[in-house]
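Chemist: So the protein lines, in turn, are chains A and B.
According to my numbering, the first sequence is numbered sequentially starting from 1.
According to my numbering, the second sequence is numbered sequentially starting from 1.
Misleading hints may appear alongside valid ones.
[Unchecked claim] Footprint (simulated), chain B over chain A, 3 or more residues, beta carbon under 8 Å:
{"hint": "1", "stretch": "10-24"}
{"hint": "2", "stretch": "310-322"}
[Unchecked claim] A partial selection of chain B residues facing chain A, derived with a Cβ cut-off under 7 Å:
{"hint": "3", "residue": "Gln-26"}
{"hint": "4", "residue": "Arg-29"}
{"hint": "5", "residue": "Ser-32"}
{"hint": "6", "residue": "His-56"}
{"hint": "7", "residue": "Asp-62"}
{"hint": "8", "residue": "Glu-83"}
{"hint": "9", "residue": "Ala-85"}
{"hint": "10", "residue": "Phe-94"}
{"hint": "11", "residue": "Arg-104"}
{"hint": "12", "residue": "Ile-116"}
{"hint": "13", "residue": "Tyr-117"}
{"hint": "14", "residue": "Val-120"}
{"hint": "15", "residue": "Ala-211"}
Hints in this document: simulated from the structure, not taken from any laboratory.
Keep in mind the model is a prediction, meaning the values are calculated, not measured.
Where a beta carbon is used, it is the ideal one built from N, C-alpha and C, also for glycine.
Take a look at the letters that make up each chain.
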Amino acid sequence: MDIQELILSAIQALRTNLSRTLLTMLGIIIGISSVILIFSIGQGAVAYVTHELSSFGTNFFQINPGTSAIGSISGGANSLTLDDVDAIRNDTSLTNIESVGAFAMVSAVVSANDTDKTLLIYGMTPEILEMLKPEPVDGRFITADDNENMQRVAVIGDKVTETFFGKDADPVGQKIKIDKRTFKIIGIARSGSVLFGSFFDNTVFIPLNVALHEIEGNVRINEIDISVKDTNLINDTMESVTTLLRDRHNLKPTDENDFIMSSATDAISTIQTITNLLTLMVAAISAISLIVGGVGVMNIMLVSVTERTREIGLLKAIGALERDILMQFLIESMVMTGIGGILGILLGITFAFVVTLIVGIPLVIVPEAIVAAVLVSMTVGVVFGLYPARRAARLSPIDALRYE
Amino acid sequence: MTRGDVLIELIGVTKSYPIDDGKSYQAIRGISLKIRKGEFVSVMGPSGSGKSTLMHILGALDTVTTGTYTFQGKEISRYSPDEIARIRNKEIGFVFQSFNLLPRTTVFKNVERPMIYGGVPRQERKTRAMDALRVVGIAGKADNLSNKISGGEAQRVAIARALIMNPSVILTDEPTGNLDSATSRDIMHLLTALHEKGSTVVVITHDPTVAAYAHRRIRIVDGKIIEDKTSR
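Turn these sequences into a full structure, and let the hints steer you where they fit.
Modeler: What follows is the structure in structure tokens.
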């Protein structure tokens, strides 16, 4: 029997019981749409984070104090020193290293124009700004001279400017007090990326040496950032630096690192791993939904076979082969799950579109996922339609015709 | 096969159905019968006489319990279900009391369906279906849904569908059972006309006026033939 006739007659049969058909499709629709939704959002998140991290460049890695316990960072908060920074900088065997920067964070009271506010102060070497590339609004950044000569100069964020001097003010050249010491404002920094928006906007940057020596409290280096010339050799460089630091910190071979080293590439692959895991989990849950949906399809197809027993008898009387009847019911269940799958895809994309719009990540539609969704839903149709279709095909014509 | 050749032959056919307690009910109790090409045969009997069972056996819808059923020289019980389905498709046209049209389907599609199973190409199906609908006088309703036409019209559609594969025999089971007397006459005239054009027609009925249209009248009671008369 020709396939076009089969599909048309399947659609006709399904339309006859439209609400029943739609309800039966629901399991498939939910299963497919959730896979598409999570897949799109997951891939969107990966694309977003990858883009954000790449905008800083994948050519650098960072070292933080502490040991990497399972899933958390703890201990060794004081493990990194300025001497470490200098040692890395001056090691001539580390030929792949382009520049080494470091910063320290401390919160301190900032005051100007009779306003006091506790803010996060970043003491940093000029290399950090090179690596993070904030867009300058006005003035200049901290230089190596500022750091070496312990100049009390500050670069302040957009929001900080607004807090102390008002909107659209240009405070470059004016004074600001940090921890009761007077600093000269030399520049205003705006964020270079959305992800680190608050990082730049709400903070004050001062030379690292000033932060380490002149600000009250136990100010320690929080991060060393190292950029490399050849990104392909970044892992080798990370290994060499690890050896150097372990040496300097007198760690025994059995000791864990008292610092954590990571690169943008690491971060991207971590996010990818998490996303893949999440996608896999949702796929597994969706598979259950698809199985439940498939059982629903089988149930309705069995009802349909029973309802149409006389019709099957008639078709056999006028010459339908077992194969013809089998195909008719199989196509009917495949059309049902196939349409369910397509509706699921549309619904999933719609949800994904809304979610990504709200969250602000790009909408990534993976064509392979869509093809897979269609194939999976049609396969559900075949698997769960087979039993009812075989039952229909094997009815004896006379029993079917006599069926009341 | 030409007019007068034996088309159908039953030899000592019985048919039993299992009923409760392992017993069985014998609907046909030893029938031997020959139907020749071009005959117009009526099989008459009261309800429960076994005439419908006989029609199902003649139509290769049901199998015999004992005896042999030979159709065009082929013993039906030797064939597989699909081979028998092909024989039904090409050689036997059915007309049922309750019309048995496909629901939710147009008149045209109903008539076309046996040709789809018979592997007739699309274009030829169209021409042949319209021709058959013209023969039974209902071509104007080709696009109507089968459940939106009258009983008389439905039976004409059923006859057109029975004719469509140019079968060797048209088997009709109470073809006028659900129709008023005027429409019944029309249907019987149509069957008579088909017979006059050369079709072999078998009518199963309990109605003597319907049986009277046939040249050969078989009476069956309690699963046995009690009378077999041919008139000219």
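Chemist: Please go over all the hints and tell whether each is borne out by the structure.
Modeler: So, going through the hints one by one against the coordinates:
1. 10-24: holds (count 3)
2. 310-322: It holds, with 11 qualifying residues against the three required.
3. Gln-26: violated (16 Å)
4. Arg-29: violated (19 Å)
5. Ser-32: violated (22 Å)
6. His-56: With a closest approach of 5 Å, the His-56 (chain B) hint holds.
7. Asp-62: holds (4 Å)
8. Glu-83: Given a least distance of 9 Å, the restraint on Glu-83 (chain B) is violated.
9. Ala-85: Holds - the Cβ of Ala-85 (chain B) comes within 7 Å of chain A, reaching about 5 Å at its closest.
10. Phe-94: Holds - the Cβ of Phe-94 (chain B) comes within 7 Å of chain A, reaching about 5 Å at its closest.
11. Arg-104: holds (5 Å)
12. Ile-116: holds (5 Å)
13. Tyr-117: holds (4 Å)
14. Val-120: Violated: closest Cβ of chain A sits about 10 Å from Val-120 (chain B), beyond 7 Å.
15. Ala-211: violated (23 Å)
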